[in-house]
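Chemist: Sequence:
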Amino acid sequence: MGEVQIEAAYGQDPASGAWLCPLRLRWGLSPRQEMSPELEDRLCYTATRAGSFEAAAELAAKWDSPVDGATIHRHVQQVGGRAERLQEARVARALDHRTRPEVVAEAARHLGGRVFSLLIELDGWMVRERAAQWGLKPPEIKAERVLWHEMKSAAIFRLEDRVVKDGGRRLLVEKFTVAWRGGVEEFGRRLQAEALRRGLCQARRVYVVADGAVWIWNLVADRLSGSVELVDFYHASQHVWAVAHALYGEEPQAAAWAVPLLHQLKHGEAGRLVGELGRALGELSQDSAARAVVEGERAYFERHLGRLDYAGAAQAGCPLGSGAVESLCGQLQDRFKRTGQFWSWPGETQLLALELARRNLDWDQLWSTTW
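Residue numbers (this note's numbering): 717 to 1087.
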């Protein structure tokens, strides 16, 4: 640590005619680069783990590399842009029919003949961004300063990679992440590409667990057809309780009605739940306030009837809830949704690309030269 002065030759290459410094080339430095790749690596990595660029700068100062948050932000933008371009290239390579066999073969070699089932959990959360009128003054003027957009997210892991700690808590040995703030189509491309890298073609069975969002199941039909689909049991139970409270309010009868049905639902009797909803609907008058709720929830369960085989999923070892992606969404929000954080599209995308590179073990690809 500390300041080091190095004398290095600089001159014109007689073969190419280019002016260069051989030592900078050996170290992987571009002509005007002022920071070493090693320090840039450390600072960008710290930026993904700290809560803000200012916090990353404070951490860097503790290991004797004083640098301000603005400098870290600038390098995150540069390296994050490179990470996003590499991610786009990986997606294109995985989905192009000419290069997809290479990606599938690489996954097979990495897995080494393992027998496993692949589980994909999906969800979304809202991220806060600066609108076009963000800086409009004075603040008393009504304007569109803030926008909210959904960050679509997915957790991919192998069921056999779950372990149980001494205290009984489950832990995932390896989990991979997909996240995208843009449209469903692009998110679907990225999800399919990452799943191919992680064993989609080698898995004996693929499970998809999510809530009842229409965009999710349309995406699954488009990109993950043939998988076993399951509505998260907690979300399904919320719909059962919605009917119970519509019929009985907060009275004890609500629990007396809902609890047995939830037990039946969990043990493979989804058809009986749909039948009970039909029976309840038949007992309600046309002008009943509860009728619209019951009709809507019956339609919900009829629409997802093929995604309610909780007994079969449990027997196969598949979790009935989407806890892995719920945890992932919470972790991402802890970095991207803190008090006072308002993102621009480039800033958000570039930091997210670094976050995904770290989580998906692609970090070292960001630096072609190590010294």
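Worth flagging that the hints you see were computed from the coordinates, not collected in a lab.
Check each hint, because a few of them may be wrong.
[As the list claims (entries may be wrong)] Each computed SDA-like pair below joins lysine to any residue, with the alpha-carbon atoms no more than 20 Å apart:
#  : residue 1 : residue 2
1  : K982      : Y1026
2  : K982      : K1053
3  : K778      : E756
4  : K982      : S953
5  : K858      : W841
6  : K1053     : H865
7  : K982      : G1039
8  : K858      : S1043
9  : K778      : M751
10 : K1053     : M751
11 : K1053     : V862
12 : K1053     : T893
13 : K778      : Q794
14 : K982      : A1008
[To be verified] Between beta-carbon pairs, the in silico distance windows are:
#  : residue 1 : residue 2 : range
15 : S781      : L1077     : 19 to 27 Å
16 : L775      : Y950      : 20 to 28 Å
17 : E860      : E966      : 55 to 63 Å
No experiment lies behind these values; they were computed from the predicted model shown.
Ideal placement from N, C-alpha and C gives every residue a C-beta, glycine not left out.
Chemist: For each hint, tell me whether it holds in the structure or not.
Modeler: Verification of the hints:
Restraint check: the Cα-Cα separation between K982 and Y1026 comes to about 5 Å, which is no more than 20 Å; the hinted pair holds. In summary, the hint linking K982 to K1053 is not supported, as the alpha carbons are separated by about 35 Å, beyond the 20 Å threshold. With a CA separation close to 16 Å, the supplied pair K778 and E756 stays within the 20 Å bound. Using a Cα cut-off of 20 Å, the hinted pair K982 and S953 holds, with the two alpha carbons roughly 10 Å apart.
For the given pair, K858 sits about 26 Å from W841 by alpha-carbon distance, which is inconsistent with the 20 Å threshold. Pair hint K1053 plus H865 holds up; C-alpha atoms about 12 Å apart against a cutoff of 20 Å. Among the hinted pairs, K982 with G1039 is consistent with the structure: their alpha-carbon atoms are about 17 Å apart, no more than 20 Å. A distance of roughly 36 Å separates the Cα atoms of K858 and S1043; the hinted pair therefore is violated under the 20 Å criterion.
Distance restraint check for K778 and M751: the Cα-Cα separation of roughly 18 Å lies within the 20 Å cut-off, and the hinted pair is therefore satisfied. The straight-line distance between the Cα atoms of K1053 and M751 is roughly 29 Å, outside the 20 Å bound, and the hint therefore fails. For the given pair, K1053 sits about 13 Å from V862 by alpha-carbon distance, which is consistent with the 20 Å threshold. Straight-line distance between C-alpha atoms of K1053 and T893 comes to about 18 Å, which keeps the hinted pair within the 20 Å bound.
Proximity of K778 to Q794 is assessed by CA-CA distance (about 24 Å); at most 20 Å being required, the pair is judged violated. With a C-alpha separation of about 25 Å, the suggested pair K982 and A1008 falls outside the 20 Å cut-off, and the hint is violated. In this structure, S781 and L1077 meet the distance hint of 19 to 27 Å, their C-beta atoms being roughly 25 Å apart. In this structure the hint that L775 and Y950 lie 20 to 28 Å apart at CB is violated, the actual value being about 37 Å.
Under the hint 55 to 63 Å, the C-beta atoms of E860 and E966, about 39 Å apart, miss the expected range.
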